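Undergrad: The chain contents come next:
Protein chains: 2
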Amino acid sequence: MYSKVITNPRFLVFTRSYINLTSPRNQVTNHHLHHPSRTRAAAAATTTTMDPPGTTVVRNKQVVCKEAISSYPRASDLRIIDTSTTSLKVPQGQEALLVKNLYLSGDPHMRGSKFKNRPRLFSSGPDQPISGFGVSKVVDSGSPGFKAGDLIWGLTKWEEYTLLTSFANHVKIQHTDVPLSYYTGLLGMPGHTAYTGFYEVGRPKKGDYVFVSSAYGAVGQLVGQLAKLMGCYVVGSAGSKEKIELLKNKLGFDDAFNYKEEDMDAALKRCFPEGIDIFFDNVGGKTLDAALPHMRSHGRIAACGMLSQYDLEQPDGIFNITSLLLNRLQMKGFLVFEHMDLYPKFLDLVLPYVREGKIVYMEDIKEGLESSPAALESVFTGTSAGKVVIAVAPE
Amino acid sequence: MYSKVITNPRFLVFTRSYINLTSPRNQVTNHHLHHPSRTRAAAAATTTTMDPPGTTVVRNKQVVCKEAISSYPRASDLRIIDTSTTSLKVPQGQEALLVKNLYLSGDPHMRGSKFKNRPRLFSSGPDQPISGFGVSKVVDSGSPGFKAGDLIWGLTKWEEYTLLTSFANHVKIQHTDVPLSYYTGLLGMPGHTAYTGFYEVGRPKKGDYVFVSSAYGAVGQLVGQLAKLMGCYVVGSAGSKEKIELLKNKLGFDDAFNYKEEDMDAALKRCFPEGIDIFFDNVGGKTLDAALPHMRSHGRIAACGMLSQYDLEQPDGIFNITSLLLNRLQMKGFLVFEHMDLYPKFLDLVLPYVREGKIVYMEDIKEGLESSPAALESVFTGTSAGKVVIAVAPE
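Line by line, the protein sequences are chains A and B. Take the first sequence: its position 42, counting from 1, is numbered 42 in full-length UniProt numbering, and each next residue is one higher. Take the second sequence: its position 276, counting from 1, is numbered 276 in full-length UniProt numbering, and each next residue is one higher.
Just so you know, the hints here were simulated from the structure itself, not pulled from any lab data. Please read these numbers as outputs of a predicted model, since none were measured by experiment. Please note that a few of the clues may not be correct.
[As the list claims (entries may be wrong)] Computed list of lysine-lysine pairs in DSBU-like fashion (alpha-carbon distance at most 35 Å, straight line):
{"hint": "1", "chain 1": "B", "residue 1": "K248", "chain 2": "B", "residue 2": "K228"}
{"hint": "2", "chain 1": "A", "residue 1": "K248", "chain 2": "A", "residue 2": "K100"}
{"hint": "3", "chain 1": "B", "residue 1": "K286", "chain 2": "A", "residue 2": "K286"}
{"hint": "4", "chain 1": "A", "residue 1": "K286", "chain 2": "B", "residue 2": "K269"}
{"hint": "5", "chain 1": "A", "residue 1": "K269", "chain 2": "B", "residue 2": "K286"}
{"hint": "6", "chain 1": "B", "residue 1": "K206", "chain 2": "A", "residue 2": "K345"}
{"hint": "7", "chain 1": "B", "residue 1": "K345", "chain 2": "A", "residue 2": "K206"}
{"hint": "8", "chain 1": "A", "residue 1": "K260", "chain 2": "B", "residue 2": "K286"}
{"hint": "9", "chain 1": "B", "residue 1": "K345", "chain 2": "A", "residue 2": "K205"}
{"hint": "10", "chain 1": "A", "residue 1": "K137", "chain 2": "A", "residue 2": "K260"}
{"hint": "11", "chain 1": "A", "residue 1": "K345", "chain 2": "B", "residue 2": "K205"}
{"hint": "12", "chain 1": "A", "residue 1": "K205", "chain 2": "B", "residue 2": "K205"}
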């Protein structure tokens, strides 16, 4: 008989062999661990079973999506379940890593869509733990490249422990003199996205005019700061007065405008009388359409996201695409996973800035998996006070 | 007093000094030259004046646009005038070339538009000779890089003689074992455009799936053949049954479809079950929008022209731009003038094919400037039998 609590199919194979080996299963103890740090609630109520001798099986709390969602996740779409268990060992002979998730990252790509050709990177199905980036510690390794105790970041599941069977793009964290949580943001996927789009697609030169949409997002904030550090002129767009103030006064943007209050074309004319060399676009749609005629000859558009489009029944039309031809623009979509070879170069550039305090970075860290439904919703409602991070377990 | 026949402002400066030096002007003779070749009508009725001694002044027949046009030129928009004159000498001290135009090229960019951000490369004003590419012979040179007798191709005026004051992008013709008229098409701007877009933007690999819109145009024909010679799979779209037949049976395209008869999405699905790696786009609009979702990951779109858009009051919207993001596409507009450094490489590739007869190329050569109004209109009505060339004077 198979245990009913196993809901994640990728544990099923392991569980079969486990059950064949060991019967009956004995629940041994309940640990109520004390977490002195901000991760208090996270690892509470962990249930440990041991069988066969030497194999630790623990309850594995998970964040699941109630059903397939067609938009961004509301807190009510998510629930916490603690009916699953996992062994803390990688099944023998399997090239996998058993990791303990320390920090999970709430990011704008974590959403559903009812349309084909739109992102659905969020959930593999109802009652499956959702996917996202995180910082994890290797508990057991079935791969020669990793050993117990290694700290890594990459795509994981929103649960306490994850058996990673796919980790080619995971990065071993070498520098721990900076907060580990930074590897969910500034030094992780969003940071590397900002770097890749800005440097590889944008090909900036000192003095370039740079426009960043959704500039207050985790990616946009860093793009703007990298551009300033390079001697560019940078303007960002965002959707609230508060964000505009912070972009201008805290994050060093030369200018910023609220796209909800100001006509986009007029704002771009005002902010870029000379035109735009690099447009780092996180939103697409009307913003992209408005920016196209303001691009200078040989301008580059890094298409990083199209946040404005994912929920629309009919996507916005782009009517100014002739500008791309007449001004010999380049527009390129990119996915940061495909540029992992650039990550060391990115760290070489950004780590010194982080250590010297030359980059402003704000986190909004919530404690415990229980906080994740509300925390993830805040990514999309724009109500978080910084990069959304869930601290799951103590470092 | 200034002569009333001088309508081209760039001759005015010269004429001023000429008139200050010489008065009165004496009309000497009328030459009715016999042209045994196809250029008979072209250079007929040339009027020559000589003054001062040693300076030959000739009447200079011109093709002018009656008024600014807002669409493509109809034959009735153009007229031939022979009221202008030109000296056959470059004014002393001027870095210019006085050239005799041999072949003029009718190309789709030669049009007007009433909209900003659309091409208006055609005419500098009413009663001004229109601009276009051509093959010319240097009559007198004020530049150390050129001498009398040199054959060149580049942007010139539709007239018998032109004083070129801007010729940085002109190319000296080195290979005359191929028809000179080819330098208006296959070996000139359209050919170099095909090469630049396909190789530089498209970055083809053997086996790539290539889609060419307006495939029967001068550029499209060569793109398709270059792609076949490289081992790609090539499909073209065009607007008539005859063109589709020729693309498939004469030009070696693997497949072709008539966008006026077949639903574009269905046609692309049928022709590209594996998707498109390179889209060489000459038309934009609905064709571009239809092609976007059929692009494979990392596909490249060479935006060469947007023929479908130039006359529209409201351009077509592009609704599938999210494909660019999700499939990490690159879309790039380019202008061949900016890639003249590649021209020798282009010739190295294409000349052997031309000599070996491995490239099919059709010209529709009309004789004499008088034929140009109808010839130019045929570029846009699709009624020409090949690349539209006007033979103005014997080689």
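Undergrad: Against each hint, give a clear statement of whether it holds in the structure.
TA: To see whether the hints hold, each was checked on the structure:
1. Distance hint between K248/B and K228/B is fulfilled; the C-alpha atoms sit about 12 Å from each other, no more than 35 Å.
2. In summary, the hint linking K248/A to K100/A is not supported, as the alpha carbons are separated by about 39 Å, beyond the 35 Å threshold.
3. With a C-alpha separation of about 19 Å, the suggested pair K286/B and K286/A falls inside the 35 Å cut-off, and the hint holds.
4. A C-alpha spacing of about 29 Å is found between K286/A and K269/B, which places the hinted pair at or below 35 Å, so the restraint holds.
5. Pair hint K269/A plus K286/B holds up; C-alpha atoms about 29 Å apart against a cutoff of 35 Å.
6. Under the criterion of a C-alpha separation no larger than 35 Å, the hint pairing K206/B with K345/A is consistent with the structure, at around 32 Å.
7. Between K345/B and K206/A the alpha-carbon distance is near 32 Å, which keeps this suggested pair within the 35 Å criterion.
8. Only pairs whose Cα atoms come within 35 Å are accepted, and K260/A paired with K286/B is accepted, the gap being roughly 30 Å.
9. With a C-alpha separation of about 29 Å, the suggested pairing of K345/B with K205/A holds against the 35 Å cut-off.
10. Under the criterion of a C-alpha separation no larger than 35 Å, the hint pairing K137/A with K260/A is inconsistent with the structure, at around 42 Å.
11. Simply put, K345/A and K205/B have alpha-carbon atoms about 29 Å apart, close enough for the 35 Å limit, and the pair holds.
12. The suggested pairing of K205/A with K205/B holds, with an alpha-carbon distance near 31 Å, which does not exceed 35 Å.
Checked against the numbered hints above, the structure breaks hints 2, 10 and satisfies the rest.
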